[in-house]
Amino acid sequence: MTASPGSEYLAVLVYIAVALAIGILAVVVGAALGPKKPGRAKLMPYESGNDPAGEVKRFPVHFYAVAMLFIIFDVEVAFLWPYAVSAGSLGIAGFVGLLIFTVLLFVGFVYEWWKGVMRWR
Amino acid sequence: MITLYILGAASTVLTLLGFFVPARVTRWLATGSVAASIVYLFFTWGQRQTAFGGLYVVDPISQGFTLVALLGVLWALLVGRSEKWEFSLLLLYAATGMHFMASSPNLPVLLIALEVFSLPLYVLATWRRDEPGFEAGLKYFLLGALSAAIFLYGIALHFGATGSFNAGVQGSGPLYAAALLLILGALAFKVSLVPFHWWTPDVYQGSPTTVSLMMATAVKAAGFAALVRVLNVQDQGLWGLGLGALIALTVIFGNLGALAQRESKRLLAYSSIAHAGYVGLGLYSGTGTAAIGFYLLAYLLSTGLAFAVLAAISQGDVPYERLRGLLYRKPLLGVAMGVGLLSLAGLPPFAGFWGKLLVFLEAAKAQQWGLLVLALLTSAVAAYYYLRLFNLVVARGEATEAAIPAPGAGTPVLAGQSAGGLSLATGRLAAWPLVIASALVVLLGILPGLGYRLFSPTPFAALSRPASTAPATLPATFAITSPSDGAELRAGEFSLQGTGRAGETLEVWDSGSRIAEVRVDERGGWSLVLPSLPGVGEHTYQVRRPGEGEGPSVRVRIVE
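As they're listed, the protein sequences go chains A and B.
Note that full-length UniProt numbering has the first sequence beginning at 1, numbered continuously upward.
Note that full-length UniProt numbering has the second sequence beginning at 1, numbered continuously upward.
Each hint should be verified, as a subset may be incorrect.
Said to hold, decoys possible - Pulled a few chain B residues facing chain A out of the computed Cβ check, cut under 7 angstroms: (1) THR12; (2) THR15; (3) LEU16.
The hints are simulated quantities; they were obtained by calculation from the structure and are not laboratory data.
C-beta: ideal position from N, C-alpha, C; glycine also.
Isolated chain B (complex conformation) (with noise of 0.2 angstroms):
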């Protein structure tokens, strides 16, 4: 809730206190707000909390990509400065939005949340004034409307097949298949899948790098975190092969675009989309939040330092060539881009690795050995075109364009380009964030487990205070997840699974008769090997809390 006050209360504040000061301390404000959501984040991160009626929930998947989010709005606050205001209020504006998206389970309030961050995202696009900055911006915007309508479409089909508007509802039939596949659609535009990607080179390279860098880590999040919460069901069906094909066409037509690109700005959003793919193969498993989550913050810093290195060079346009020999002429820029770069090229031991380790083993828990291996392969095609970058950066030799400005210098790039441009200067703390982020990517390379544990279930158990609000009555929040009901399982090789209330105890019954017991562990999940090997046949099991007699159940058949 905190978040949400800080973030809210900061952007209409701010909008009209920027009237009285300058635009450095409103920029300040921003910045403070941002990292104060941050650093509430940490002291509640754990704590479940639920308000509006369920329309805004903080749990693991908000705190997580929340922070994610934030983290990159931050950023883009500490590199970018302007003489207008509005800069720093629109990324609030857009934090805001950011944090809605992560934070509700309620699909008109994600249409809401992603009209909030979006709309802010358009008008920084084309802060440039320049004719790449409108194509930008109007590319930017025309796709995004219509991605909206697609979602909001989605979601008229959603409550028509389930008569809910929560997302991660279970349903069946092709009207719900219909529905999940248009939502799916939808946010693959935001998080650009292919073939929903073809904005992301233009905008990336139109828009201020600064924006850019704020745009492929922190929109990212906030629409993974989306599609987490819609992809919440079950069954897989139609929009499981939807999601594999969008994959399967992300990581090859993303490595091989990024392939035959000349400017590095375009580089890093083709590579942009292929990281999607890599998150998307998270996705799968339907338990791989915390692999997403840890991937989209090793991607976070990595991108983020490309880009960071990036803004400091200019806010427009970086060919190759100007990169060269950057570790000798700026060695700061250079290190930073050299980590950067092998990080997103997944190698150790930089926290890129880790990241693309453990989305390739959701992948191989959820049997996808096809997408797995395709996944692989063009990761070693990614290599290429990092390796190449990395190389100029560390090739003696001269760039051919002028000198790089330093990053300290706070030098006007884009002052005065046209009469009622807008300046965006890279600000005289960008080498702080370069240096943190450049160890972070080192120190979760060495101990991903740092990162991990953030969002595995309550982590820093330590650091929170307890939920002091148990609730008087258990909700019915148990269930068991496998086998499925109607499943046909052969005799003597099977175990029960489900969910429920971390450390309660539930009986497990078959067809009338107690069988066992099982203890729910802290992250709401148990399992059970049958202590004696059922009979073949029709077996219905059914889980209860103790003294009540009715609870969910499975009905599942055992052949010979």
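Excised from the complex, chain A in its bound form (with noise of 0.2 angstroms):
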């Protein structure tokens, strides 16, 4: 089979629409069938019958913390990534420089970590 440049990204195109509407049809077969009687008790949040937790004043800032350092050292990821692919053809220069740009982004990570960025109480 002859492929032209960029089929194979055709084919994940389908497989993406193939699995949405595999998706909505199971939703919609899921809201058609079935009998629908709706009341004031069902319609309530679980929480074994109580008023669920009520007011929350605010998310700890522990998920913003980890979110942002995920953003940090997935962008260090995305930065290894080509390296990873091509480190025969960098030699050692290339190697030493990836190394510097690792300890860099470690100190940041060393710096969080005895901050206790990620202790969680």
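Got two chains here, separate frames each, mind docking them using the hints?
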């Protein structure tokens, strides 16, 4: 089979479309079949019959911290990727360059570790 | 290179070292590394160096603007002390970014450098954990992010128009003009040219005074370094108009805005806007780097003096009334403030006078008479508000507010403002920078040549070792800069000018025949008055290296 450039991406697109169609179909079937008798108690959020937690002030900042750290180190991985696939041709200079980059970000990691960003209490 | 290594290594090491040593030690190490970078700069002054495939360039622009930026950071490090070592650390990060900003001709690298010094400043602006502090930090961050986005879009258009990421590449067409205007706008945010100045008064007022000191001096130096590189294009066109409009608006609104202020830091913020306009004037002629450099140095010393005095009084607001009689209560602070204000006003015999004179001369050289007159008039307006403050400093009478702490006391002014509030005290050493800077302002006012020589090419030749690495083949860096290609000239009234490597001899050809030989002077320029009057009609002037057949040329038409 002769594939034009990019045709495998077309396959991915088709894959997504098929997955989406099946998912929607399942939801539609689930929504169409079955009895529909809504009531006040049935529509209440689940908390064993009690009112749910009520008003929450705000989330702990940890979730933001973890998300920010994830973004930073995911960007680091995005930079490591091109090196990983062409490590052989970049030689020792490429390795040292990458090492410096990694060490710089590792210093950042050690800083936040010692600062206790990952401590949850 | 070493400057970068010192600053980069110090920032990295101190990040972790701070966990083990007291904040005081970190501060000294940070101060030491910035001071070492400055000393190294002086020892290699005038030497050129390139690294990382041209992404990092050490040249007079880099050295001059780095000097001003690092002096600003050094001053902030000497004046401010906090119990958190991150305070000195963030200043050090900013210093690294500013040095890179002054030393790269590559636009994406400039953007990264811009972020490297801006992000620490956003944090530092919020150091006072009170409402004005938060407001300052948030405003600075949002507008800074916006300007970075504009800058990035400008870079993309620049690449689209010229196919190059290098600043100062010649291009043409509306896309190129749009790219330069976007980049100009984004950098105008950083140096607070009107109408991109709105954040300046709030941020300078809301930030701790020590941080405002650095923002007002070092950030401007870094921003103008980038502007000098980006606007280093011969064809002025649309961006020239843009720059002219920005300068006109800046000198008008900066000075008029300052008239209405009642608080010293806000006044200095408006004054810094106005001064950015005057520095912008120096950008016009394209050869004004030395004038801009000297202006920024004089401005650093004078505005630094004013901010350092305010920092000694309070890290918060300082209403005018609080300065009343400062000279009698605290003679050192009074004298320093007086010298700073008079120099900012541009009165002789202080450094600020020569700074203004030099950029005005640049404007005259570029024949921007309208802007020049405007700048002169507004600088007369400026004298009013500077002298009003000066008048308060020397006036007899009592300040309306509580006594002012001595500069040497090291009292934490903002200690325990709120839960989690970070204190920031004025250090014991804060008196010495005041004395040294006042002396320098007067010295440069009497002997401006000392400072000006720093920024004109290859000063300190005796101090620095000769560059040992002469390239085997001469690069093609010679060109004719005047007249421009396709110019129409009157017969008998022009000379050729151009650039080349210092000391080299070039041949000038007219339409295929060799007419003269020129020698490039130590500034890398040459000029030639034509030995015989050229005839009417088309002439192609070409400059060649001896023995080479080709070289850059310009075509001019001589008319009656």
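Now the hints, each set against the structure:
no., hint, in the structure
1, THR12, "5 angstroms, holds"
2, THR15, "5 angstroms, holds"
3, LEU16, "6 angstroms, holds"
Violated hints for the displayed structure: none, as all numbered hints are satisfied.
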